[in-house]
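K.L.:
Protein chains in written order, with the working numbering: chain C, 3 to 256; chain A, 3 to 256; chain V, 3 to 256; chain F, 3 to 256; chain H, 3 to 256; chain S, 3 to 256; chain B, 3 to 256.
In short, the hints are calculated from the structure, not lab data.
Incorrect hints may have been included.
To be verified - So these bits of chain F aren't anywhere near chain H, every CB distance computed over 12 Å:
1. 64
2. 110
3. 246
As the list claims (entries may be wrong) - Quick look at which bits of chain A chain V covers, simulated, 3 or more residues with Cβ under 8 Å:
4. 23-30
5. 122-130
6. 135-145
7. 166-172
8. 181-194
Quick reminder that beta carbons are idealized off the backbone N, C-alpha and C, glycines included.
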Amino acid sequence: MQGNSQQQAYDRGTNIFSPDGRLYQVEYAREAVKRGSPTVGVRYQGGDDGSGVVFVAGGRLRSSLQVAESIEKIHKADDHVGVASAGHVADARQLVDVARRQAQVEQLRYGEPADIESLTKEVTGYIQEYTQAGGARPFGAALLVGGVDADGTPHLFETDPSGTPYEWEAVAIGGNAERIQGYLEAEYEPNVGSDGALELALRALEDAAEGGLESEGMSAAVVDDDGFREFTADELADAIAGHGLDGTDDPAED
Amino acid sequence: MQGNSQQQAYDRGTNIFSPDGRLYQVEYAREAVKRGSPTVGVRYQGGDDGSGVVFVAGGRLRSSLQVAESIEKIHKADDHVGVASAGHVADARQLVDVARRQAQVEQLRYGEPADIESLTKEVTGYIQEYTQAGGARPFGAALLVGGVDADGTPHLFETDPSGTPYEWEAVAIGGNAERIQGYLEAEYEPNVGSDGALELALRALEDAAEGGLESEGMSAAVVDDDGFREFTADELADAIAGHGLDGTDDPAED
Amino acid sequence: MQGNSQQQAYDRGTNIFSPDGRLYQVEYAREAVKRGSPTVGVRYQGGDDGSGVVFVAGGRLRSSLQVAESIEKIHKADDHVGVASAGHVADARQLVDVARRQAQVEQLRYGEPADIESLTKEVTGYIQEYTQAGGARPFGAALLVGGVDADGTPHLFETDPSGTPYEWEAVAIGGNAERIQGYLEAEYEPNVGSDGALELALRALEDAAEGGLESEGMSAAVVDDDGFREFTADELADAIAGHGLDGTDDPAED
Amino acid sequence: MQGNSQQQAYDRGTNIFSPDGRLYQVEYAREAVKRGSPTVGVRYQGGDDGSGVVFVAGGRLRSSLQVAESIEKIHKADDHVGVASAGHVADARQLVDVARRQAQVEQLRYGEPADIESLTKEVTGYIQEYTQAGGARPFGAALLVGGVDADGTPHLFETDPSGTPYEWEAVAIGGNAERIQGYLEAEYEPNVGSDGALELALRALEDAAEGGLESEGMSAAVVDDDGFREFTADELADAIAGHGLDGTDDPAED
Amino acid sequence: MQGNSQQQAYDRGTNIFSPDGRLYQVEYAREAVKRGSPTVGVRYQGGDDGSGVVFVAGGRLRSSLQVAESIEKIHKADDHVGVASAGHVADARQLVDVARRQAQVEQLRYGEPADIESLTKEVTGYIQEYTQAGGARPFGAALLVGGVDADGTPHLFETDPSGTPYEWEAVAIGGNAERIQGYLEAEYEPNVGSDGALELALRALEDAAEGGLESEGMSAAVVDDDGFREFTADELADAIAGHGLDGTDDPAED
Amino acid sequence: MQGNSQQQAYDRGTNIFSPDGRLYQVEYAREAVKRGSPTVGVRYQGGDDGSGVVFVAGGRLRSSLQVAESIEKIHKADDHVGVASAGHVADARQLVDVARRQAQVEQLRYGEPADIESLTKEVTGYIQEYTQAGGARPFGAALLVGGVDADGTPHLFETDPSGTPYEWEAVAIGGNAERIQGYLEAEYEPNVGSDGALELALRALEDAAEGGLESEGMSAAVVDDDGFREFTADELADAIAGHGLDGTDDPAED
Amino acid sequence: MQGNSQQQAYDRGTNIFSPDGRLYQVEYAREAVKRGSPTVGVRYQGGDDGSGVVFVAGGRLRSSLQVAESIEKIHKADDHVGVASAGHVADARQLVDVARRQAQVEQLRYGEPADIESLTKEVTGYIQEYTQAGGARPFGAALLVGGVDADGTPHLFETDPSGTPYEWEAVAIGGNAERIQGYLEAEYEPNVGSDGALELALRALEDAAEGGLESEGMSAAVVDDDGFREFTADELADAIAGHGLDGTDDPAED
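Same shape as in the complex, but just chain C (with noise of 0.2 Å):
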């Protein structure tokens, strides 16, 4: 996205519009995501394995040195509810730290945990008003936030640089989004339990990605009825190679 100078007039204050009502940093806050790895998000529910959410992300270690574990783009942000991210990872951090603040307070306040839904809005509440107020930038960030509600039901919401919600059944957020939704609308099936879910979310990575997905620098978890739970190294590295989704299969692919 490279600016002409029409657009450069408008385009470098958070707090004003351009003549056609477009927020600019907010495009380029949007920007910022898609230089990311890429991050997927899946629902699940209905099968005979209940219902939750798996969250894969993609990352890229910067040495054979970086410790894989610490490429943290997955959080717990409450027993029920994990937080997935894409894009500037210290935006997305701080993100983090906002919804888990307003967990607690919601459990502090009304005594039983903050449904996924209202725990979102208070972060794109937050994230709106980075695009309003001066002074500041966006945030160059999107999350996932996924889990189970106290009633049982499976919720995957996404929050975008401008501080919409909007909810899924299964969404990529980051590099290569567009592609790796689309094999999602093209693959999805809702009841497939958390393995299916994973299976689906490594697919679609796989898809995008060329010669094969490194388990070294991914991570993954689910949110089911048993709460928040990374996905082990070896875990994740077995379910790709089981799949055959490690590039070893894949010879043609240069």
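Guided by the hints, dock chains A, V, F, H, S and B onto chain C, whose structure is given.
P.N.:
Using the frame of chain C, we list chains A, V, F, H, S and B on its own:
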């Protein structure tokens, strides 16, 4: 609306007038409203069917996997007050929160529900401040605030990005609003009950849409003496199909 | 009022003077007042009909479905004080709120109603601050503040965007104000009672309008010893028709 | 005073000096003072007629329907202190309020009336701050502060837009001030009583006016041992006519 | 001091250095000091006549009707401390107030009078902050702070617009300061008493003035063991005439 | 990294994104990190020698008279936590203070030492805020935070100027970091004890240095079960010489 | 240091980095330090003469009437700590006040004198904040902070405009610092006592001065076990003359 260089001298600050007394940032915020999908409100009264206000909001699904119900453009602000929006979604949500908080405040302060007009004017006062003080941009959203007052009178107000309130019998905001308003002006009758109001709103939206209405992404609600009630997805789909507005009757339109 | 480049060097900040000592943003705010429809105030006293102030405000319906009564340009600020506005509607509403709050404050503080002049000057002081401090723009609205003081004297004041108060026997603000004022100057007599004052205001508005007056969108009120009272739509329509100002008697005007 | 490009580099901020040590915004505020009508103050003492200060202010009626008394350019700041202004009316009113509040504060704090000099310097200190701190413009108004101290001494001070106080025997501010001051310098005598002081002020104003003085829009007041007293419109008209200053005696002037 | 374009890149903000480490706004404030009339301070000690400091300030009457005594450029800051100023009068007054308040604070806190040096440094610290923090301009005034400490030692300090304190035996600030300082350097002797110090100051001022000194508008004061005392207008006129400095002895000068 | 004109449109505010979603000021802050001398951290564990983290920091003496020990680039943040820095020294010191204060806060709040990861994330959250809020620049420094948690596990984190935390087995920051990191990647083994870790760090630094290492200006420390301990200058010099890294064995290098 | 246009894009805000990671305003502040006269600090220890730090500061008299003692460039910050400065005098004074207040705070808090290093770092932390936060400029001054700790160890620190602390055996700051530092590097020996340290400092200053040293305007002090003591003007003059550094032995130098 493209800016020329004369205009550009005055259009980047919320707190300056142009030489001819215009506030360009407010005008650009109105353009932001037009970028969204349309929302229609229709007030009915005087017929056998009682009095009330019907809202119908269009909406765009970003993907077949998006949960249609999550495109929330119609909100309950109080038992007897609904709010529908058009334009920048994240901005609209903030204004809906203002309306809700104010409804609670008035209930607490006066021991009775806020009337529709005073609630609307609290919101427009809030909006106006963002058009005058520096350091923030105007809200890029318009609201319809409607319901039935304690004395049984239905009211339907619009708030625009300048912070001006307007009262309507029937009104369209958002994308294609002018054409839809034309349809409403031609066909509106006050005493048609909620079914008639819903039908009018749908026909007006259909008239401006290409290829019929898709109930996915749309939402509708009514506020009458019994309070605020959203139509279910099935009710809405039935109404669209029942009136032949789903495009299936209209093969000639390409 | 088009800005040249010399002027543009000084016209974008509320807190700077031009080399010849002008405040361009205040002048542009006056242009904003002229963009609205006209509002007229007429003070009467000395006749058999008592003393008071009559307001008549023009108005434009954006659509036949707009509720005409909602074009509120005349407001009751206190039992014995009315406020009529011209210009940017949202700005005017804020100033009306200032006048109302101040009337309550003075009532509470001194145990008697605020007199018209001191109420006006509270408002003009508030307006002036927006022309001097940085970070905000001036108010793009003018007010007429009128009523009857405790001693029975009627007063009619204008507040302009610079924050200057003016007292008048009869005055027009808003669009076409100069031509309407000319009519008032030629025809004004003080001792005509409220009916005569209303007729004068209507005739002055009609003189500047093309094709006669339409009562839809217009509003009128009187403040006399009995307090503030708005004319009903029927009363106003009757007055317009009764004086032959609805254009039906005037086929020659195109 | 037209700005050239060298000057324009330094004249748009209240908080910057030009390379030659000038404060252009303060100089432009002085131009704003000159745009208004003139105001004259004359101190008298030493004659049989006691001591005091006389103020006479010109004024322009915007219309024959404007209430002349409402052009308030002379104000009572305390029982024994009057304030007259020239320049931006709304700015002047704020400064008059500062003087009034300060008079009350000093009365409360010390149990006796503020003396004229210290009251003036409270006002000039307030003015100065608006010439140094950023975020606001200077006041575009000058004041004359005059009256009789507790010891019977009359004082007449000027405050200018830089916040400098000057003490005078007789002084003109506002439009045409230089020519009027010349007249005062030529004709001033201290021991003439209030009548003589009023006559001098009127003659000086007349000398600079074209076609004689019109008492409409003008105002005058005296502060002597008996305190502050405004001349009535009739008294003022009589004084003007009595001295042949109403233009009727002066057919030669074109 | 005219700015070139290289200079203009750095001279409009108080909070930026130029590439060669200069603070242009402070330098321009020094130019503002030079625009005023000169002020001289002379310290004397060691003679039979005791010790002290004499101040003489020039001044310009704007009109023959200006009250000469009101050109206050010499102020009593405490019983034993005088302050004389040059430059922007309104700025200087604010600094004099700072000195006065600080003298009271130190008296209250320590139970004894502030010594001249620490009082000076409170003022220079205050001045410095206006050269570093954004949002305000430097003070366009210089002060001389002088008097006799509790131990009988006389001190004479200068504060400049950068906030640097200097101590002097004799010094000139304001217009023509360099030439006057040259005279002082040539003629200064410490043990001359207050009469000698006054004469030296007057002769130095006369040397730089064209056509002799006019006592009107000038002021002078001495601070010695008996405290601060202003010379009366007559005393000053006598001193000027007595030393033949009033221009009457100097017909050759044109 | 030289800016072109497209880039310059977006690179001077911390609170704006470029059209492609980059934060130039953060990227420039990373350049500031590269301007300093390199710092290396190496984590060791699993060998007979226990677990811990070794830091080695290069440094430049500005003169032979500078006290080498004063080039403090390695700091004790808590008994069991060390912090090493690269980049802008003054910025780094502020961040070290943040880490220290936070370690105290966590000790007080939870009664036990902060774990390395949460301490790091307090610092990165602090850093992030300086990249988003207006009115300040990002920190031009990177930190290594390392030590041993209460459970005996060693951790080594990096904080970068965006506020992103990274965990490492071995890492180089500052000047020449890429080349040094390459050496670390090639030679790193985890189970080498503190001596082996120190040797690896020194060899990596030597590989990128020209002409061998000079222990003057360098510093080193280890954090193991016994807590934080700096190597003395002699120990460090011995280690450099003992491994033949002082350039004396390497005459071929020019 | 002249700015080119590439540089000018980044050099006017304290809160922006240039593309190569430089902070131009900090660099320009260093230029401000170089504009002043030089200041030298020399630490001595290990000889029979005890340990301590000697400061010598050059200075320029603006006139023969300036009181030389008032050029205060060496200050006592605490009984055992001296502070000498170079650069912008008013800025330096503010920093000296910071050091003094902090010495008092540490004395009160811990019941013992602050050690030299922690006192220095309080000052550098204060300086750093002015290089990062917007709205102010950096300090255009460098300090030498020196003295003897409670354990008898002498320390000599420098604070530079970036807020970095450096420890030295001997160091020059201000004008000509590089040449003077070269002399110090060539001649420094630690165990020379206070006399030797004073001689070294004077010789280094003389080496860079043209035409010998003039004791007028210069100042010197020593901090040793007995605390802070300024040399009298006579002692300093004697030392200069005694070592033949007053230029009288050097007729060849023109």
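K.L.:
The structure should be examined with respect to each hint, and the outcome stated for every one.
P.N.:
Structure-based check of each hint:
1. 64: Given that every Cβ of chain H is farther than 12 Å from that of residue 64/F, nearest at about 32 Å, it holds.
2. 110: Residue 110/F clear of chain H: closest Cβ-Cβ about 20 Å, beyond 12 Å.
3. 246: About 25 Å separates residue 246/F from the closest Cβ of chain H, which puts it past 12 Å; holds.
4. 23-30: With 3 residues closer than 8 Å to chain V, the stretch 23-30 of chain A meets the three-residue bar; holds.
5. 122-130: holds (count 5)
6. 135-145: Since three or more residues must qualify, the claim that chain V covers the stretch 135-145 of chain A holds, with 3 doing so at under 8 Å.
7. 166-172: Held - the stretch 166-172 of chain A has 7 residues with a Cβ nearer than 8 Å to chain V, which meets the minimum of three.
8. 181-194: holds (count 4)
Hint compliance for this structure: no hint is broken.
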